[in-house]
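*Asks:* The lines below spell out each chain.
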Amino acid sequence: MDMQVAKKKLGLKEKYQVMTRGLDWEPSYQKKEDIYPYASYEGIKIHDWDKWEDPFRLTMDAYWKYQAEKERKLYAIIDAYAQNNGHLNVTDARYINTVKLFLTGVSPLEYMAHRGFAHAGRAFPGAGPRVACLMQSLDEIRHAQTQIHALSNFNKHYNGLHDFRHMHDRVWYLSVPKSFFDDAVTAGPFEFMVAIGFSFEYVLTNLLFVPFVSGAAYNGDMGTMTFGFSAQSDEARHMTLGLEVIKFILEQDPDNLPIVQRWIDKWTWRGYRVLTLVAMMMDYMLPKRTMSWKEAWEVYFEENGGALFKDLARYGITMPRCAETIALEKDHLSHQAWGTFYNYGAAAAFHTWVPEKEEMDWLAAKYPQSFDKYYRPRLEFWREQAAKGNRFYNKTLPMLCQTCQIPMLFTEPGDPTKICYREVDYQGSKYHFCSDHCKEIFEHEPEKYVQSWLPVHQIYQGSCFPEGTDPSAEGFDPLAAVLQYYHLEFGRDNLDFEGSEDQKNFDLWRGQATKNG
Amino acid sequence: MHIDLRTVSIKPLRQTFDHVARRIGGDKPASRYQEGTFDLQATANFHYRPTWDPQHEIFDPSRSAIRMADWYAFKDPRQFYYGAYALARAKQQDTAEGNFDFVEGRGLADELPAALRDTVLKLLVPLRHVAWGSNMNNAAICAYGYGTAFTQPCVYQAMDQLGIAQYLTRIGLLLGDVDVLDEAKAAWMDDGAWQGLRRYVEDSFVLKDPFELYVAQNVVLDGLLYPLVYETVIDGVLSARGGTAVAMLTRFMTDWFGETRKWVDATVKTAAAESADNKALLEKWIARWRDRAAGALLPVARIALQEGADAVLAEVVQQFNARLAKAGVAL
Ligand SMILES: [Fe+2]
Ligand SMILES: [Fe+2]
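The listed protein sequences correspond, in order, to chains A and B.
Under full-length UniProt numbering, the first residue of the first sequence is numbered 1, with each subsequent residue one higher.
Under full-length UniProt numbering, the first residue of the second sequence is numbered 1, with each subsequent residue one higher.
None of these hints come from the bench; they were simulated from the model.
Built from N, CA and C at the ideal position, the CB exists for glycine as well.
Misleading hints may appear alongside valid ones.
Stated by the list, open to error - Straight-line distance between alpha carbons at most 30 Å, and here's what the computed DSBU-like set of lysine-lysine pairs gives:
1. A:K32 with B:K91
2. A:K310 with A:K357
3. B:K122 with A:K32
4. A:K7 with A:K31
5. A:K515 with B:K11
6. B:K262 with B:K279
7. A:K32 with A:K73
8. A:K288 with A:K156
9. B:K122 with A:K7
10. A:K13 with B:K208
11. B:K28 with B:K262
12. A:K13 with B:K185
13. B:K284 with A:K156
14. B:K91 with B:K208
15. A:K13 with B:K122
16. B:K262 with A:K31
17. A:K418 with A:K439
18. A:K65 with B:K262
19. A:K51 with B:K185
20. A:K65 with B:K279
21. B:K208 with A:K73
22. A:K31 with B:K28
23. A:K7 with A:K65
24. B:K208 with A:K45
25. A:K73 with A:K7
26. A:K373 with A:K288
27. B:K279 with B:K269
28. B:K28 with A:K504
29. A:K73 with B:K11
30. B:K326 with B:K284
31. B:K122 with A:K31
32. A:K357 with A:K288
33. B:K185 with A:K15
Said to hold, decoys possible - Simulated coverage check for chain A against chain B, where a stretch passes if three residues somewhere in it have a Cβ under 8 Å from a Cβ of chain B:
34. 113–126
35. 139–146
36. 162–170
What the hints assert, rightly or not - Facing chain A, a subset of chain B residues (Cβ under 10 Å, in silico):
37. G25
38. E35
39. R89
40. A90
Please model the complete structure; the sequences and the hints are all you need to start from.
*Replies:* Printed below as a string of structure tokens:
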């Protein structure tokens with residue numbers, strides 16, 4: 001019988017399902033536990049992976065088509081920006097230091113996200129989340145590379161970017177973002193998803209990328225602005241994935257709630273501590289400011305995040321407790337961080353400076369509770385000293401927090417005149433912390449955090465000198481040796497912006513342009 | 001004030017990043033592949049051991065028995081960084097889309113001889129599970145392998161294979177309907193013809209050495225499957241029986257294999273040339289997995305070739321051996 005039977009029509013959702021999870025099967029030649037060995041040790045209980053709701057439905061053909069279109073446009077702009085000396089369009093050369101911070105501190109994390117999502121995209125026994133994670137893994141290598149390609153032209157003309165990968169694994173303040181991501185990747189796949197997929201991509205991403213991208217736009221950096229905008233539609237997918245992960249885990253078993261809550265608490269704090277670098281970038285490093293760190297925190301975390309946590313209340317999730325501490329720190333964070341970098345400006349791969357008078361007025365207006373009282377006098381003193389030829393560089397090494405690895409620069413919640421110290425005795429050693437939250441994170445997993453590669457400890461142990469260095473030699477200069485180990489060029493990458501090669505070149509090149517134009 | 005910045009001629013301070021310059025023999029202009037690949041992966045000062053694999057660092061060359069003095073000796077001859085990759089695949093998907101439209105628009109699927117359509121469905125649709133297995137395996141190599149030069153192409157390969165699984169699904173839906181997918185899955189799970197291959201794929205899922213996994217999946221299984229199924233059966237035998245429309249629908253796979261095998265060859269060649277130990281190990285792995293794969297593919301080949309399957313497969317294996325000999329691995 002040759003009768004044409006009408007084909008069954010598949011809805012969009014079903015169609016996507018046959019294109020993804022329909023490809024999977026129940027193995028019988030190997031045990032599931034052996035194929036997915038990392039799926040259960042964190043204690044998360046999943047009963048039915050089929051309950052996973054695909055956060056977006058993008059088959060590979062559509063993905064390729066769409067992404068190639070974006071790449072075509074992005075690289076056309078990057079090329080034009082480089083050919084036209086677009087870097088001379090930025091507000092002033094101080095701006096370029098935010099780019100340095102981004103390439104050395106953030107772009108390597110994009111790469112780590114790529115590898116981390118490949119791991120998660122292999123580890124989950126559910127096919128739906130695996131596909132979504134792998135697509136993010138692919139996006140993340142895009143982000144790492146488009147950033148490197150876009151910023152490559154800055155490297156050709158300015159200092160501090162020339163060995164960003166080498167620096168990321170070594171330089172003291174870069175261990176803050178590095179250890180953050182190492183922490184996430186070395187956690188189990190579920191915690192990784194809560195750490196990066198949810199806490200970072202969903203809750204905190206607006207506090208990282210929006211400041212950099214809008215800062216770039218405000219300061220005439222078209223290249224950075226363009227890769228930022230080009231990543232936006234990827235980010236939208238990543239955010240829906242982060243949210244779906246949380247909901248899925250929580251809906252699967254009530255026992256998952258306390259585990260997930262602890263992870264959210266931990267990763268909100270870990271992420272926030274990394275954002276210290278963003279806070280000082282926003283308030284001090286952008287010549288033309290967009291909004292203050294405090295305003296950004298209020299809009300993106302307190303308002304938007306508040307609404308999110310209200311929404312998650314039906315699962316029993318509550319606002320992370322650290323939000324109270326963060327609220328107490330928001331008048332101080334950026335000022336304390338910039339003060340520290342100003343101090344250690346000889347050991348940083350970007351330039352530091354004292355803000356101009358109008359910039360201080362802006363800070364005073366944005367921080368009426370704190371700036372004039374605590375921070376302006378100090379900055380003015382430093383400026384006076386610098387004018388007299390006493391630009392101050394601190395050559396001692398600070399104590400670092402065992403968890404977040406930031407120098408102990410933060411003050412007691414509610415008392416900006418007293419440094420906050422916490423400590424724990426563990427197996428005969430004393431460990432130091434910047435806050436109750438970092439201390440609690442350590443106490444929950446001491447066996448993990450005792451492993452921290454703390455840059456200052458490592459310097460004292462002699463691990464941060466170039467090979468063949470003899471620290472007992474006559475006239476040994478430890479700072480010089482450490483900078484060599486960092487591949488940080490003294491006098492070019494570091495020290496004050498005033499008098500720097502960047503400053504001179506930018507003025508020279510811009511001057512030529514103005515005269516010719 | 002408008003400033004014409006193009007008129008300024010500036011002598012740059014440097015041409016590329018130092019870590020790139022160290023690898024290309026000095027400070028000179030570098031390609032996007034080079035800047036987007038070299039040393040991207042961390043190699044030093046990891047903070048914590050993975051809780052899921054405390055025996056190793058996050059990235060750790062000792063996950064593999066293959067030893068390289070420098071894992072950036074591997075080069076992708078396609079020079080794929082994300083942008084170049086996405087553009088290449090977008091072009092191929094455009095062709096594929098055109099071919100699907102052509103076959104669908106002219107009703108060519110309905111004109112296929114019934115026996116031939118039946119053979120195609122029986123042969124091709126279960127292969128979507130094989131492609132899915134490759135997606136998982138290449139995700140694993142990307143995650144646990146060492147060095148961006150080696151791992152980067154694997155995420156592209158993983159997603160390509162997902163794409164191939166999706167094209168195969170579309171072929172199933174075009175020549176049949178949803179039931180065809182269920183039937184193919186049932187065959188994959190229980191039909192004797194597919195069990196050797198399914199066992200092969202499931203056994204590959206538990207391999208811990210990312211380079212051995214690379215061998216089992218990208219070198220051996222794909223190295224036999226694609227020449228057998230797409231180049232020989234579809235483009236040759238079935239096209240001659242009136243199945244050119246099918247060859248149009250699998251054009252993506254044929255082109256894809258032609259392209260990716262160059263990268264696979266380059267990878268094997270580099271690893272084998274590194275040391276006698278590597279070479280011996282590769283010979284052992286490739287021979288062992290090749291024999292298993294050939295055995296598993298024979299009943300699959302019979303679906304389309306019946307008694308001719310043995311001879312065709314023997315020919316495919318011979319060509320495979322010759323190909324690997326060129327890459328420096330004598331089998
Ligand atoms: Fe990203
Ligand atoms: Fe801390």
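*Asks:* So, for every hint listed, does it hold in this structure?
*Replies:* Evaluation of the provided hints:
{"no.": "1", "hint": "A:K32 with B:K91", "verdict": "violated (38 Å)"}
{"no.": "2", "hint": "A:K310 with A:K357", "verdict": "violated (42 Å)"}
{"no.": "3", "hint": "B:K122 with A:K32", "verdict": "holds (27 Å)"}
{"no.": "4", "hint": "A:K7 with A:K31", "verdict": "violated (37 Å)"}
{"no.": "5", "hint": "A:K515 with B:K11", "verdict": "holds (18 Å)"}
{"no.": "6", "hint": "B:K262 with B:K279", "verdict": "holds (19 Å)"}
{"no.": "7", "hint": "A:K32 with A:K73", "verdict": "violated (44 Å)"}
{"no.": "8", "hint": "A:K288 with A:K156", "verdict": "holds (24 Å)"}
{"no.": "9", "hint": "B:K122 with A:K7", "verdict": "holds (19 Å)"}
{"no.": "10", "hint": "A:K13 with B:K208", "verdict": "violated (35 Å)"}
{"no.": "11", "hint": "B:K28 with B:K262", "verdict": "holds (27 Å)"}
{"no.": "12", "hint": "A:K13 with B:K185", "verdict": "holds (20 Å)"}
{"no.": "13", "hint": "B:K284 with A:K156", "verdict": "violated (47 Å)"}
{"no.": "14", "hint": "B:K91 with B:K208", "verdict": "violated (35 Å)"}
{"no.": "15", "hint": "A:K13 with B:K122", "verdict": "holds (26 Å)"}
{"no.": "16", "hint": "B:K262 with A:K31", "verdict": "violated (34 Å)"}
{"no.": "17", "hint": "A:K418 with A:K439", "verdict": "holds (18 Å)"}
{"no.": "18", "hint": "A:K65 with B:K262", "verdict": "holds (24 Å)"}
{"no.": "19", "hint": "A:K51 with B:K185", "verdict": "holds (21 Å)"}
{"no.": "20", "hint": "A:K65 with B:K279", "verdict": "violated (40 Å)"}
{"no.": "21", "hint": "B:K208 with A:K73", "verdict": "violated (40 Å)"}
{"no.": "22", "hint": "A:K31 with B:K28", "verdict": "violated (52 Å)"}
{"no.": "23", "hint": "A:K7 with A:K65", "verdict": "holds (28 Å)"}
{"no.": "24", "hint": "B:K208 with A:K45", "verdict": "holds (25 Å)"}
{"no.": "25", "hint": "A:K73 with A:K7", "verdict": "violated (40 Å)"}
{"no.": "26", "hint": "A:K373 with A:K288", "verdict": "holds (24 Å)"}
{"no.": "27", "hint": "B:K279 with B:K269", "verdict": "holds (9 Å)"}
{"no.": "28", "hint": "B:K28 with A:K504", "verdict": "holds (24 Å)"}
{"no.": "29", "hint": "A:K73 with B:K11", "verdict": "holds (27 Å)"}
{"no.": "30", "hint": "B:K326 with B:K284", "verdict": "holds (17 Å)"}
{"no.": "31", "hint": "B:K122 with A:K31", "verdict": "holds (27 Å)"}
{"no.": "32", "hint": "A:K357 with A:K288", "verdict": "holds (14 Å)"}
{"no.": "33", "hint": "B:K185 with A:K15", "verdict": "holds (16 Å)"}
{"no.": "34", "hint": "113–126", "verdict": "holds (count 7)"}
{"no.": "35", "hint": "139–146", "verdict": "holds (count 5)"}
{"no.": "36", "hint": "162–170", "verdict": "holds (count 8)"}
{"no.": "37", "hint": "G25", "verdict": "violated (17 Å)"}
{"no.": "38", "hint": "E35", "verdict": "holds (6 Å)"}
{"no.": "39", "hint": "R89", "verdict": "holds (4 Å)"}
{"no.": "40", "hint": "A90", "verdict": "holds (3 Å)"}
Checked against the numbered hints given earlier, the structure breaks hints 1, 2, 4, 7, 10, 13, 14, 16, 20, 21, 22, 25 and 37 and satisfies all the rest.
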